[in-house]
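Colleague: Residue numbers (UniProt numbering), protein chains in the order written: chain A, 1 to 253; chain R, 1 to 253; chain B, 1 to 253; chain L, 1 to 253; chain Y, 1 to 253; chain G, 1 to 253; chain C, 1 to 253.
In short, the hints are calculated from the structure, not lab data.
All C-beta atoms, glycine included, are put in the ideal place defined by N, C-alpha and C.
Be aware that a few hints might be false.
Which bits of chain R does chain B cover? Going by a derived footprint, with three or more residues having C-beta under 8 Å, they are [to be verified]:
(1) 43-50
(2) 84-97
(3) 127-135
(4) 206-212
For each label pair, taking beta carbons as the anchor points, the in silico distance ranges come out as [to be verified]:
(5) Asp-74(Y) to Asp-189(B): 42 to 48 Å
(6) Asp-189(A) to Gly-110(R): 30 to 36 Å
(7) Gly-110(R) to Thr-113(L): 51 to 57 Å
Restricting the straight-line Cα-Cα distance to at most 20 Å, the calculated cross-link-like pairs of lysine to aspartate or glutamate (EDC-like) are [stated by the list, open to error]:
(8) Lys-197(R) to Glu-180(R)
(9) Lys-34(G) to Glu-176(L)
(10) Lys-116(G) to Asp-20(C)
(11) Lys-71(L) to Glu-62(A)
(12) Lys-34(Y) to Glu-27(C)
(13) Lys-34(C) to Glu-210(G)
(14) Lys-71(Y) to Glu-27(C)
(15) Lys-116(B) to Asp-73(R)
(16) Lys-71(A) to Asp-120(R)
(17) Lys-116(B) to Asp-92(R)
(18) Lys-116(A) to Glu-62(L)
(19) Lys-71(G) to Glu-112(L)
(20) Lys-116(C) to Asp-92(Y)
(21) Lys-71(B) to Glu-112(Y)
(22) Lys-34(L) to Glu-27(A)
(23) Lys-71(R) to Asp-120(B)
(24) Lys-71(C) to Asp-120(G)
(25) Lys-71(B) to Asp-120(Y)
(26) Lys-116(R) to Glu-62(A)
(27) Lys-34(L) to Asp-189(L)
(28) Lys-34(B) to Asp-20(Y)
(29) Lys-197(A) to Glu-210(A)
(30) Lys-116(B) to Glu-180(R)
(31) Lys-34(Y) to Asp-20(C)
(32) Lys-197(L) to Asp-230(L)
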Amino acid sequence: MQGQAQQQAYDRGITIFSPDGRLYQVEYAREAVKRGTASIGIRTPEGVVLAADKRSRSPLMEPTSVEKIHKADDHIGIASAGHVADARQLIDFARRQAQINQLRYGEPIGIETLTKEITDHIQQYTQVGGARPFGVALLIAGVESGTPRLYETDPSGTPYEWKAVSIGANRGDLQEYLEESYTDELSLDEGVELALKAIASTNDDELAPEGVDVAKVPVEEPVFEELSNDHVESHLAELDLLPSEDEEGDEAA
Amino acid sequence: MQGQAQQQAYDRGITIFSPDGRLYQVEYAREAVKRGTASIGIRTPEGVVLAADKRSRSPLMEPTSVEKIHKADDHIGIASAGHVADARQLIDFARRQAQINQLRYGEPIGIETLTKEITDHIQQYTQVGGARPFGVALLIAGVESGTPRLYETDPSGTPYEWKAVSIGANRGDLQEYLEESYTDELSLDEGVELALKAIASTNDDELAPEGVDVAKVPVEEPVFEELSNDHVESHLAELDLLPSEDEEGDEAA
Amino acid sequence: MQGQAQQQAYDRGITIFSPDGRLYQVEYAREAVKRGTASIGIRTPEGVVLAADKRSRSPLMEPTSVEKIHKADDHIGIASAGHVADARQLIDFARRQAQINQLRYGEPIGIETLTKEITDHIQQYTQVGGARPFGVALLIAGVESGTPRLYETDPSGTPYEWKAVSIGANRGDLQEYLEESYTDELSLDEGVELALKAIASTNDDELAPEGVDVAKVPVEEPVFEELSNDHVESHLAELDLLPSEDEEGDEAA
Amino acid sequence: MQGQAQQQAYDRGITIFSPDGRLYQVEYAREAVKRGTASIGIRTPEGVVLAADKRSRSPLMEPTSVEKIHKADDHIGIASAGHVADARQLIDFARRQAQINQLRYGEPIGIETLTKEITDHIQQYTQVGGARPFGVALLIAGVESGTPRLYETDPSGTPYEWKAVSIGANRGDLQEYLEESYTDELSLDEGVELALKAIASTNDDELAPEGVDVAKVPVEEPVFEELSNDHVESHLAELDLLPSEDEEGDEAA
Amino acid sequence: MQGQAQQQAYDRGITIFSPDGRLYQVEYAREAVKRGTASIGIRTPEGVVLAADKRSRSPLMEPTSVEKIHKADDHIGIASAGHVADARQLIDFARRQAQINQLRYGEPIGIETLTKEITDHIQQYTQVGGARPFGVALLIAGVESGTPRLYETDPSGTPYEWKAVSIGANRGDLQEYLEESYTDELSLDEGVELALKAIASTNDDELAPEGVDVAKVPVEEPVFEELSNDHVESHLAELDLLPSEDEEGDEAA
Amino acid sequence: MQGQAQQQAYDRGITIFSPDGRLYQVEYAREAVKRGTASIGIRTPEGVVLAADKRSRSPLMEPTSVEKIHKADDHIGIASAGHVADARQLIDFARRQAQINQLRYGEPIGIETLTKEITDHIQQYTQVGGARPFGVALLIAGVESGTPRLYETDPSGTPYEWKAVSIGANRGDLQEYLEESYTDELSLDEGVELALKAIASTNDDELAPEGVDVAKVPVEEPVFEELSNDHVESHLAELDLLPSEDEEGDEAA
Amino acid sequence: MQGQAQQQAYDRGITIFSPDGRLYQVEYAREAVKRGTASIGIRTPEGVVLAADKRSRSPLMEPTSVEKIHKADDHIGIASAGHVADARQLIDFARRQAQINQLRYGEPIGIETLTKEITDHIQQYTQVGGARPFGVALLIAGVESGTPRLYETDPSGTPYEWKAVSIGANRGDLQEYLEESYTDELSLDEGVELALKAIASTNDDELAPEGVDVAKVPVEEPVFEELSNDHVESHLAELDLLPSEDEEGDEAA
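Extracted from the complex, chain A is given alone in its bound form (with noise of 0.2 Å):
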């Protein structure tokens, strides 16, 4: 174990090797992904689900800016955690690469060629000098020939493909949780209410409706699709994870 005098000169200026192998700006990086707010993803025979944690910070603040997951093509959602900004960078790279394929080979970008595409561009910035780390998560979940297909990027520049995960806070909490309760016969809504329970699960099991964001990727129909306030809420009235009218009230502007 290395104290903190040694490790503070493997963090200033480029990224670069401290004596054990690590990189530490990208370590640090892996922290700023720890202090958004988490993102789950559930892979399900039916299809893939995305949702995230974003209870607003002001009731002025209008709950659809805080975007946390977007559209990369009709048939590609991403979720993210960590820094906002950032998250923004790679998903615009995501659009522009789904958009050149289509141009360039007339069919929709695969799930993995995307994934790989992204994770070359955040490799760039962990060993080329003169930028910083891309300091967030993504997951990337779409349908590919009839296939859900679900992967996660860290900030590192690798790829990991999973049949659920989460990103962001409490990932160790909600990764256990996750393990315990997924199985592979789930449906699509029972991905969306895994989902659900999980994020749940780390704030006294309840959730406002605005608080959350759902998108799912249907095999049947592979198209991105968020779920309106009304799904979600009647999703998480039927799990009875709706706040007590108290609490919602405080919240309301």
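Please build the complex by placing chains R, B, L, Y, G and C on the supplied structure of chain A, with the hints as guidance.
Modeller: What follows is chains R, B, L, Y, G and C alone, placed relative to chain A:
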């Protein structure tokens, strides 16, 4: 909590992550925003209001020269708080983007679109080396397809949409004031008055007409309009916020 | 209040924010301005006046070579205070901008337009790495469509419009003097005399004609004009500010 | 032997020599290689074998997403150990070089040629400033004109040719194991089994089929081929290396 | 007054402002000027004189090789003090500017124009990073439209016009000497003699003809002309400044 | 002699001079050369010989992969010592220069010409910033117009011509051995044997055929030729330098 | 006199001024010159002589490979002292300048012109960042329009013209020797002999023919010519400077 010495290590040279995932240069740029006098935005069903505290530092300075609210396009106004010279750069950038949009697509730029182009621009200055972040926050207010919109940009390059918001000095107090007083059914005039009352609330409930800029973009005729000094004075008189004779005499040149 | 050691951390290398949101290099550039002798601008209904304290350091130096007031365009004069070589760069920049405006639009450049082009240029040197800020403040004075205008630029790149203002050494005292003595109904000659009295006020109420530059742009015929030594001397004589015989003898070569 | 303080001096900023002629950044990159799980290459007269330890960190992660063996060309496979995102950059580089060779010369790229192009690329990152070295080692395995070849690249950009070699964690133990067990007359299947036994040797002599990637390029038909999970499982069963029921149950999702 | 440690902080790397608004690198470059032997310029109604102390360091060195006065154009001479190699760069720059002016406008360059082009060039090296300031001061002397002009440039890039001035070693004493002895009615020959007496005054009132360069640009025929050794010797003899026999014998080779 | 702290100041960042006029980065690169096993060159009237100690570090490593002697052109061989990846860069550079010479002038490149092009290339890396010096020395051996030539390059970029020379580990002992044993009348075979005896002299007078590379360029037919293992073995047998049975058994795989 | 710590501050990174106006990197480069063996230039009415001490460090090194005198053009020779690889760069630069002059103006380059082009080139490396100064001094000797010329360049980029001069080790003693022995009426042969005696004077009055390079450019036929070993030997014999038999035997190989 980190000590002073540790902190110093992360704010020299380019913008990099600290061990807990923060970007100190961006946080210090937020301090530059707090050093500026407050600007306030209010969204009502009838349009958006911008108001800016610009108490002149000298009776010989032209009040109009302390610009804090600018027209970005016919239908969009921008108020700023923080480093004045940085604000001017971003407003020039906004105007160019509005012109390009008009030339390219033959239609006025959307409020959200413009906000995102500005925040992308701001983000670049927080990731790529060789420059410091912008030390300024903006309120971007306008009417788009009949809908009033109000956005905030911060030094990290994150956009937020608000019903009512303040930037700059006393944000804590002002935001609390707005949360208590804002309702969704304000008329545009009531929006102007709420903004004036909020600014006066941090100034012993007094406000000279020359000490505040007010502008609006009404839904009915979505054209950016700065209120005349007389107009502001009649509002202030109605609200009983005009300074007592003695004090005003001091400020007159 | 911060200690010395802390402060040092923020003024090495490129211009970056300190933890309290300040740009030390810009503030130090302001100190360079204070090291320069004072320049004063006075706006009257009949035109604008610039005056600059240029007491020569040696009887063998040509007083005209210590240029502190320059013609930027036919209708615009610029006075400076601070780092002389930096001032010359900005004045060259101003002249080029005036010429470009004339070529491009077939009309003289506006005073406000010119000021903003200069302050945008200055701001770049405070944000982008690889150069230091300009250590100079300018007074930009002219007549535009029959209206006299008087602007100040500072090392941060912020423009201010004034009725009467001083830059450089003794700003506190001089600004106080101006606030006490300025009225909106000065004639142009009274403006010249106010400027001379102000400069003399920080110099034992004496001023040699060679020790001051005076220029004006009258509204009636908006052409930049430097006052001859004789003209200045008659003003000084009338104001009883000429040095006593003994002292003047010392300075003659 | 040098002390800690001395060492720090040579690993800040760009890659430079230490007084004893070492490149610390390259040596630290070698530590990054050791932090990765092991990959093994075995050359037999019948072809080359690659095997990689990829024990998944979570039951919800797709084992296939932890890619450690990749096809570089029809006749070439590459296994990696170390920083995953860096490995992906080098493998993309390898694929482009293989394609360029095919386009330019109309024939598949040689194994040695490809290795040298990769190591030249790696070396640049150790000599020219503005970037860090690659934190990854590769095993490049293929068949060239009927001859099996097996190369290693390290972070300094040096190529080595091997009969049998391991990279990544436990290299000392694994290399010793290979030296004891390797003979020049292995069949391809025996090569696969030697690789599996070696990896299991550092893991309590147990290995789940999902926890290992195996690929081969046979001399007879020189085409890169990844072994199916079933195929791997039958090998492991034959070698009595399958985990006991209990343990496997834990890892199943 | 600042301490040593404080000062060090501002003179590493690029030229930046110190907390009291000074540019240490520029001030240190002025010290480089003081390390050079003196050059003197005298302006008389009949023309301008340049004289430079160039006492050879070795009897084997060609006195002509220690160039301190150069012809910049037919009508302009330049004397230097300080870092010799830097002086040569600026003199080459001056010659190119003179040629360009001749080519572009068909007339000889003005003395003031040339001075300003040189000082603009010098200023760039004090503001933009990646280079140090010029460690040299110049005296630019010539006749322009029948008027003799004499300018000084310093390492900050500031131009000064003088009647009589010295740069380099002993500036304080020499300038005092000039102030006491200079009158506006000197003949050109008296100007030469004043310059020689001034230089000799800091050297025990002795001066070898080989130890001084003298040049002039007369108003009557404005052509730069270096005085021959014989001519200088006759001046020195007349002024009784020639070294005693013994001493001259020592210097002969 | 300087202390450790002083020394550190001169080896950070780019290659600069120390107060005693040394280039530490170049001297440290020489240490990298000493860390490599020895290479030896012998010039005889019948041709030039290169020999390189390449004792394999592992019985599983292909001896041929530790390349220390390379063909640069038909008539030129190059042996190296030091940082292997750097050596490969320089040898590629040498081959390109040889090809360019052939294309441009239609004749083989001269040995001295090639050496100077390589040393010019090396020197650039010691003077211009942004890269470290090459950590390798080369022996460049060939026959040019019937004359055998043998050159050394070092990390400073200085070329030396030799009758017999060693680079890398044990240079002191080996050079002494060569000085004692070398005569101007060696046959080419005697040159080979001198090289082998020298290398063996630092290795208990034993040498396995796989542990040494030998090559020659004969005057009679000036073509670079690497000696086969059998050929080397017969030389070693004749010189009674073959390892005893036991030891060789250890190294065989 | 400054302490060690103070000094360190000015020799890191690019070449900047110290508080007393010195350029430490240039002064350290002068130390690199002193580390080289001496070169001597003598100008006589009959031509110029260059001589260089090149005592070989090893009997196996080809004396001719320690080049210290080079032909720059038919009529110009250059001797060097200091960092050998840097000298080679400057000599290549000189040759290119000579060729360009011939091509452009159809005549041989002047000695002074060539010297100034070289010193301008050297100066750039002392002012612009990103490279270190050249650690070498040159003697440039030739005949121009029937006149012999002898110039020295130093690491600051200053040119000096000499009658007789030494660079490199023992400059103090050698220069003193030259000052005592040089007269303006030397024949070319006497010039050669003075140079040999001077070099021998710092070497126990002995000099092996292989240990010295001598070249001359006679006025009568201004062609650079290196003296043969025999020619040098006969000079040395005549001067009784040949080493005693024993010593020479030691150096023979």
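Colleague: Could you run down the list of hints and mark each one as holding or not?
Modeller: Outcome of the hint check:
no.	hint	result
1	43-50	violated (count 0)
2	84-97	holds (count 6)
3	127-135	holds (count 7)
4	206-212	violated (count 0)
5	Asp-74(Y) to Asp-189(B): 42 to 48 Å	holds, 47 Å
6	Asp-189(A) to Gly-110(R): 30 to 36 Å	holds, 35 Å
7	Gly-110(R) to Thr-113(L): 51 to 57 Å	holds, 54 Å
8	Lys-197(R) to Glu-180(R)	holds, 12 Å
9	Lys-34(G) to Glu-176(L)	violated, 28 Å
10	Lys-116(G) to Asp-20(C)	violated, 41 Å
11	Lys-71(L) to Glu-62(A)	violated, 48 Å
12	Lys-34(Y) to Glu-27(C)	holds, 18 Å
13	Lys-34(C) to Glu-210(G)	violated, 46 Å
14	Lys-71(Y) to Glu-27(C)	violated, 30 Å
15	Lys-116(B) to Asp-73(R)	holds, 19 Å
16	Lys-71(A) to Asp-120(R)	holds, 18 Å
17	Lys-116(B) to Asp-92(R)	holds, 11 Å
18	Lys-116(A) to Glu-62(L)	holds, 16 Å
19	Lys-71(G) to Glu-112(L)	holds, 16 Å
20	Lys-116(C) to Asp-92(Y)	holds, 11 Å
21	Lys-71(B) to Glu-112(Y)	holds, 16 Å
22	Lys-34(L) to Glu-27(A)	holds, 18 Å
23	Lys-71(R) to Asp-120(B)	holds, 18 Å
24	Lys-71(C) to Asp-120(G)	holds, 18 Å
25	Lys-71(B) to Asp-120(Y)	holds, 18 Å
26	Lys-116(R) to Glu-62(A)	holds, 16 Å
27	Lys-34(L) to Asp-189(L)	violated, 28 Å
28	Lys-34(B) to Asp-20(Y)	holds, 9 Å
29	Lys-197(A) to Glu-210(A)	holds, 15 Å
30	Lys-116(B) to Glu-180(R)	violated, 40 Å
31	Lys-34(Y) to Asp-20(C)	holds, 9 Å
32	Lys-197(L) to Asp-230(L)	holds, 17 Å
Of the numbered hints given earlier, the model fails hints 1, 4, 9, 10, 11, 13, 14, 27 and 30; all others are met.
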